[in-house]
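With the sequences and hints as input, model every part of the structure.
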Amino acid sequence: MDNDKLVKLRPFVRNFLKKASSMFEMYVCTMGTQCYATAAVKVLDSNSKYFNSRIIAREDFKVKDRKNLDLVLSQERGTVILDDTESVWSDHTENLKVVENMTTLGTKK
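For the sequence shown, the working numbering begins at 733 and goes up steadily by one.
Take these hints with a grain of salt, some might be off.
Okay, derived cross-link-like pairs now, BS3-like style, lysine-lysine, Cα gap no bigger than 27 Å in a straight line [stated by the list, open to error]: (1) K796 - K750; (2) K829 - K750; (3) K751 - K829; (4) K751 - K740; (5) K750 - K774; (6) K751 - K796; (7) K774 - K751; (8) K829 - K774; (9) K781 - K829; (10) K781 - K751; (11) K751 - K794; (12) K796 - K774; (13) K829 - K740.
Derived by calculation from the structure, the hints in this document are not laboratory data.
Structure (structure tokens):
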């Protein structure tokens, strides 16, 4: 990523990606820009083993503040979504598994 960006990876993310890639076709879907998403994927997947070019960024969404599965090339009923923001997936709550936001990960509640 740019020199002015700090990337903090979730604990065990590389193990997770390796295991998940054997079960799922994985996409990155972000409200960030295409430039940001591409740079983040380079950090997560430097050898293009997991995501290849399957990146969906805010420029790709038809509705500004909503993510959807329109650009995911698989059946909706077989799709699992991991995200820390439930509100952006209002059309796909049955597919969503909410994960803890990285800013609160590991803090006492």
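*For the pair supplied as a hint, K750 and K774, confirm whether the alpha-carbon distance does not exceed 27 Å.*
Measuring from Cα to Cα gives roughly 15 Å; hence the hint holds.
*Straight-line Cα separation of K829 and K774 no greater than 27 Å?*
Distance of about 24 Å is within 27 Å: holds.
*Holds or violated: K829 with K740, Cα cutoff 27 Å?*
Between K829 and K740 the Cα gap is close to 21 Å, so the pair holds against 27 Å.
*Starting from K751, check that the Cα of K794 is at most 27 Å away, please.*
32 Å, violated
*Holds or violated: K781 with K829, Cα cutoff 27 Å?*
With a Cα-Cα distance of about 23 Å, the restraint between K781 and K829 holds, given a limit of 27 Å.
*Compare the distance between the alpha carbons of K781 and K751 with 27 Å, and conclude whether the hinted pair is satisfied.*
Holds - the C-alpha atoms of K751 and K781 are around 12 Å apart, at most 27 Å.
*Between K751 and K829, does the CA-CA distance stay at or below 27 Å?*
17 Å, holds
_Check the hint pairing K796 with K750 against an upper bound of 27 Å on the C-alpha distance._
With Cα atoms ~32 Å apart, K796 and K750 exceed 27 Å; violated.
*Satisfaction of hint between K796 and K751, Cα-Cα up to 27 Å*: Violated, because 32 Å separates the two Cα atoms, which is more than 27 Å.
*asked:* Next pair to validate is K796 with K774; report whether the Cα-Cα distance is within 27 Å.
replied: This hinted pair holds, its Cα atoms lying about 25 Å apart.
_27 Å Cα cutoff - pair K751, K740_ = 20 Å, holds
*Distance restraint between K774 and K751, which requires alpha-carbon spacing of 27 Å or less*: Satisfied, since the Cα-Cα distance of roughly 19 Å is no more than 27 Å.
Against the hints set out earlier in the document, violations occur for numbers 1, 6, 11.
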